[in-house]
Amino acid sequence: MTADFSTRRHIGRPRLVDLLLLAFGLTALGWSALAASSARRDLETVRAAVQQFHASAGEEEKRVRELEDRRHDRTDPLARQAVQTLASPPPRILADLEPTVPTGARLEALTLTYGHEAVELELTLLARTPETYDDFVARVERSGLFGDLAFGSENRTGEMKVTLRARYRPEEGS
Amino acid sequence: MNAARLTLVLLFLAAAVYLGVTRPATQALMAATEEHRQARDAHAARESHLARIERREREQARALTLLAGACSHTLPAVRRHVLERLSGLPLSDLHLEITTAPAPAFAEVKVGVQGDFSNVVALSSQLARPDAGLALKNVAFARDERDERVKLALTANTVGGRP
Numbered sequence: 001m002t003a004d005f006s007t008r009r010h011i012g013r014p015r016l017v018d019l020l021l022l023a024f025g026l027t028a029l030g031w032s033a034l035a036a037s038s039a040r041r042d043l044e045t046v047r048a049a050v051q052q053f054h055a056s057a058g059e060e061e062k063r064v065r066e067l068e069d070r071r072h073d074r075t076d077p078l079a080r081q082a083v084q085t086l087a088s089p090p091p092r093i094l095a096d097l098e099p100t101v102p103t104g105a106r107l108e109a110l111t112l113t114y115g116h117e118a119v120e121l122e123l124t125l126l127a128r129t130p131e132t133y134d135d136f137v138a139r140v141e142r143s144g145l146f147g148d149l150a151f152g153s154e155n156r157t158g159e160m161k162v163t164l165r166a167r168y169r170p171e172e173g174s
Numbered sequence: 001m002n003a004a005r006l007t008l009v010l011l012f013l014a015a016a017v018y019l020g021v022t023r024p025a026t027q028a029l030m031a032a033t034e035e036h037r038q039a040r041d042a043h044a045a046r047e048s049h050l051a052r053i054e055r056r057e058r059e060q061a062r063a064l065t066l067l068a069g070a071c072s073h074t075l076p077a078v079r080r081h082v083l084e085r086l087s088g089l090p091l092s093d094l095h096l097e098i099t100t101a102p103a104p105a106f107a108e109v110k111v112g113v114q115g116d117f118s119n120v121v122a123l124s125s126q127l128a129r130p131d132a133g134l135a136l137k138n139v140a141f142a143r144d145e146r147d148e149r150v151k152l153a154l155t156a157n158t159v160g161g162r163p
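Residue numbers (our numbering), protein chains in the order written: chain A, 1 to 174; chain B, 1 to 163.
A few of these clues could be false.
Claimed, not checked - Derived CB-CB ranges, DEER-like:
{"id": "1", "chain 1": "B", "residue 1": "E54", "chain 2": "A", "residue 2": "D42", "range": "32 to 38 Å"}
{"id": "2", "chain 1": "A", "residue 1": "L149", "chain 2": "B", "residue 2": "R56", "range": "22 to 28 Å"}
{"id": "3", "chain 1": "A", "residue 1": "R139", "chain 2": "B", "residue 2": "A103", "range": "38 to 44 Å"}
{"id": "4", "chain 1": "A", "residue 1": "P77", "chain 2": "B", "residue 2": "D93", "range": "55 to 61 Å"}
{"id": "5", "chain 1": "B", "residue 1": "G20", "chain 2": "A", "residue 2": "R70", "range": "50 to 56 Å"}
{"id": "6", "chain 1": "A", "residue 1": "G158", "chain 2": "B", "residue 2": "L83", "range": "44 to 50 Å"}
{"id": "7", "chain 1": "B", "residue 1": "H49", "chain 2": "A", "residue 2": "G104", "range": "44 to 50 Å"}
What the hints assert, rightly or not - Partial pick of chain B residues on the chain A-facing surface, computed with a CB cut under 10 Å:
{"id": "8", "residue": "A16"}
{"id": "9", "residue": "V21"}
{"id": "10", "residue": "E47"}
{"id": "11", "residue": "R62"}
{"id": "12", "residue": "P104"}
{"id": "13", "residue": "A140"}
{"id": "14", "residue": "L152"}
The set of hints was computed from the structure by calculation and includes no laboratory data.
Quick caveat: nothing in here was measured; it's all calculated off a predicted structure.
Here a beta-carbon is modelled for each residue, glycine too, at the ideal position from N, C-alpha and C.
Chain A with its partners taken away, still in its complex shape (with noise of 0.2 Å):
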């Protein structure tokens, strides 16, 4: 048997352990690099869609503005008094109210008001007692055909004549 007594570093295969160390190591960095390269690829897509929203917000803007303008030009009382009148005829209008006037009152005036934002009621009611008034007042509510209600000064003592205002809203009834 013969001694070695060189100065070369002796390299020997290597072992399990360390390959396994050498394996732990690299996914890690390789781990750490794929999620950084997404993480930024990420970034980037957001990042252009945003943008993208933010260059289309000016013109949206822009539209939108113009169409307000022209919306508070002077044709715009006439333009809406053309279109209340044909989506809410002043028949049409007393068709929803009859369901709401009970037994023991009856409507004495309506007047419609068309060309504001909703067509205007000013109603003058005639109730035999203070409870078919609130009879009233509570089915005009729930029937959500009618809103902004503002009520007239009531005498509460035996019938009633009473005047109430409201906005006709067909769109948000039930």
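Starting from the known structure of chain A, fit chain B onto it as the hints suggest.
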């Protein structure tokens, strides 16, 4: 360098990449995602608002065109047109007033009449039909306290340019 040291170096590099690149990018991504959500919501709100305005514009243009096409643009023609709609119903105390109106309307029509509730409502229905060419302004029904008749006072505009 043995395998353990090399592994430590690799782990150090992985941690450095994570802390130096991945984590700041992830934080920036979260902020950008939130900004994207807000921008998307604002975009949806603007789109919806725009669609509402455009739909209203279309409805108004359609209604104005419909009514303008139904009625002539001279006062005698408007008068004849309205009288045609008033005839045939058993109504009394007819009052009619037709005057010019400032553009974009052409004429203002005022009708006062009395009759049974059903006839008065039928008249209001006729005057609100598209072929009447009238854009209603004010319609007042009032029950006569002496009898059961109903008074109707109606104000409307015809649509269209002057001849």
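Hint check results:
In this structure the supplied range 32 to 38 Å holds for E54(B) paired with D42(A), their Cβ-Cβ distance being about 35 Å. Judged by the Cβ atoms, the range 22 to 28 Å given for L149(A) and R56(B) holds: they are separated by roughly 25 Å. Checked against the given bound of 38 to 44 Å, the beta carbons of R139(A) and A103(B), roughly 43 Å apart, stay inside it. Remark: the range hint 55 to 61 Å for P77(A) to D93(B) is contradicted by a beta-carbon distance near 30 Å.
Between G20(B) and R70(A) the CB atoms are about 55 Å apart, so this pair conforms to the stated range of 50 to 56 Å. Take G158(A) and L83(B): their Cβ atoms lie about 46 Å apart, and the range 44 to 50 Å holds. Between H49(B) and G104(A) the C-beta distance comes to about 46 Å, which sits within the given range of 44 to 50 Å. Interface hint at A16(B): satisfied, since its Cβ lies 8 Å from the closest Cβ of chain A, which is below the 10 Å cut-off.
Evaluation of the V21(B) hint against chain A yields a held restraint, the C-beta minimum of about 4 Å falling below 10 Å. For E47(B), the interface hint holds, since its Cβ comes within 10 Å of a Cβ in chain A; the closest pair sits about 7 Å apart. Using the Cβ-Cβ criterion of 10 Å, the hint placing R62(B) at the interface with chain A is satisfied: the shortest such distance is roughly 8 Å. Of the supplied interface hints, the one on P104(B) holds, with its beta-carbon coming within about 5 Å of a beta-carbon of chain A, less than 10 Å.
With a cut of 10 Å, the hint placing A140(B) at the interface with chain A holds, because the nearest CB-to-CB distance is about 4 Å. Restraint check, L152(B) versus chain A: the minimum CB separation of about 9 Å is within 10 Å; hint holds.
Hint compliance for this structure: hint 4 alone is broken.
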